[in-house]
Amino acid sequence: MLGRRGGASWAYLLLLVPVVAVIFPPLYAHHDPTLSGVPFYVWYQLLWTVAGALFVGAVYLIQGGGEEEPASPDRPDSKDRLSPP
Amino acid sequence: VIEYEALAVFVVLFLVVTVVGFMAARWRSGDLNLLEEWGLAGRKFGTVITWFLLGGDLYTAYTFIAVPAVVFGSGAIGFFAVPYTIMVYPLVFAVMPRLWRIAKERGHITPADFVRDHFDSQALALIVAVTGIVATMPYIALQIYGIQVVLSQMGIPVEVSLIVAFIVLAVFTYLSGLRAPALIALVKDALIYVTVLVAVIYIPIKLGGYGAIFQKVPAAKLTLAPAAYISYSTLALGSALALFLYPHALIGVFSSRSANAIRRNAALLPAYSLVLGLLATLGWMAIAAGLHPKNANQVIPLLFDRMFPGWFAGFAFAAVAIGALVPASVMSIAAANLFNRNIWQPYVHRDESPREESRVSRIVSLLVKVGALIFILIAPAQFAITFQLAGGVLIVQTLPAVILALYVGWLHRYAVIAGWVAGTAWGVWMLIDGGYKSSALYALHLPGLTTGKLYIGLTSVILNLLVVLVGSGVMSLIRGGLRRAGARWLPRRHHPRRVDSMRSGPAQVGPPP
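Here the protein sequences come in this chain order: A and B. Following the numbering used here, the residues of the first sequence are numbered contiguously, the last one being 85. Following the numbering used here, the residues of the second sequence are numbered contiguously, the last one being 1513.
Don't read these hints as lab results, they were simulated from the structure. Worth double-checking, as some hints may not be accurate.
[Stated by the list, open to error] Stretch by stretch, here's where chain B covers chain A in the computed footprint (C-beta under 8 Å, at least three residues): (1) 9 to 18; (2) 22 to 34; (3) 40 to 49.
C-beta: ideal position from N, C-alpha, C; glycine also.
Make a model of the complete structure from these sequences and hints.
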């Protein structure tokens, strides 16, 4: 059920990585090592906003995300751009 | 003191947005007399517009004021907004494309439409609709409060300017529907990104660098105390579960053109989470700058005012105020659609014509905002803050009906109702018993075990889920037992995807052939 498109349902497990990375504060509630003065607690979590996005993006690609579902012909992709009214 | 330089920039940007809001009615024009056009912009938004709309809608002005304010006031625990927004997108990626597909195929406009269709239960739909409206109303009020906070920093008469800003918001929403906030979100997000990037570079330069800033912050405010670990993770997880149950978040899902647009957004929206995280660090910068605002929520406007030259302070204030217009508009549309589709139509005016349907939503969206404005003008802001906090606990109780139902086919409507009653009652009881503390945390005293302080939204929804699963299991056992005993009079088990008046023929849930 989950991995219907593209088949690779194991890829959904990758979605858990960012969750696990931030759900246990003991992992990162430390001051050191600092990164140019910024405590570990702060930069670790900021880093995971980006890394989390990469994991989600990876799942998208592994699942064959590039293939667009057939769009209805009256709604071409170009409409995504702003056109003058 | 009126700060004219800031005010001038603010007013110009506000005028630009007003024009954009009115022009939006003609953007990708559709028949705005149809609710699907007014309230969902015809489900035509692709990846880019959905990104701006959801980003503009979820990361609200109040968030931008309140998150750094909590970091300023309470220290490291206020940073929970960061893991919260990290955890939410894997969930969105896994769940929302499925909900989008069903909504699209079945013509659902609100989450309660989905619930009514799926469970064939008007009562459960009413519960979901009322919960959505109650949770959204204080959120709208807080957006207006966000505008109020920056207006008062500029020293202009707050009430009059607030009413002007409000009229702008109300009129463009009435005329243009969801297209207006989507288009304004482009401006809003650009302003916010510029403001935050400048703030996290320029302010540390003025304060002597990040090292100097974090050295000035008391250690207790910099890292989490071990006792707060469990509060931190339950707050983050519970909030992540709740976010995409809010009607204003779901409207951004339903208005997307494709399931892929949603998947891509799950990977692209974290850009806003990074911005939010950077913004949260401003709370520590304000501590290092030695600010003492009268009210913690004033801390970001005050910091901008102290650090930035006048014109850029005006730019930043406009970013916050315009940042309030987008979510306030989307929330009022979402609340109006819920009222219209799931309360007004089934119980008051059964056969609304499409034109009436659109008009009712427009008028209700107006009333919702008037209510929020009056609330902010006459009641202390703390009321709205408390109610919004309670709103998070309430909205997460719709999790079984809206999300679990997508995966578990044997949920029984009465069990889902019972779970909602149990979760809501216990959640509200904990909120009251905890004295409405601004953190919505509550320690459980179980036999032989006292937990740390846990987020009420999470503990109450766990009870809710238990009741739903056990109740549904019991219901199917009873049903199976009766059938074996030869009870032919039993109605056939309701098949959620067949019973529907909105569309004939069996709807398919898989990808199009």
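Hints, one by one, checked against the model:
no.: 1; hint: 9 to 18; result: holds (count 4)
no.: 2; hint: 22 to 34; result: holds (count 9)
no.: 3; hint: 40 to 49; result: holds (count 6)
No hint from the list above goes unmet by this structure.
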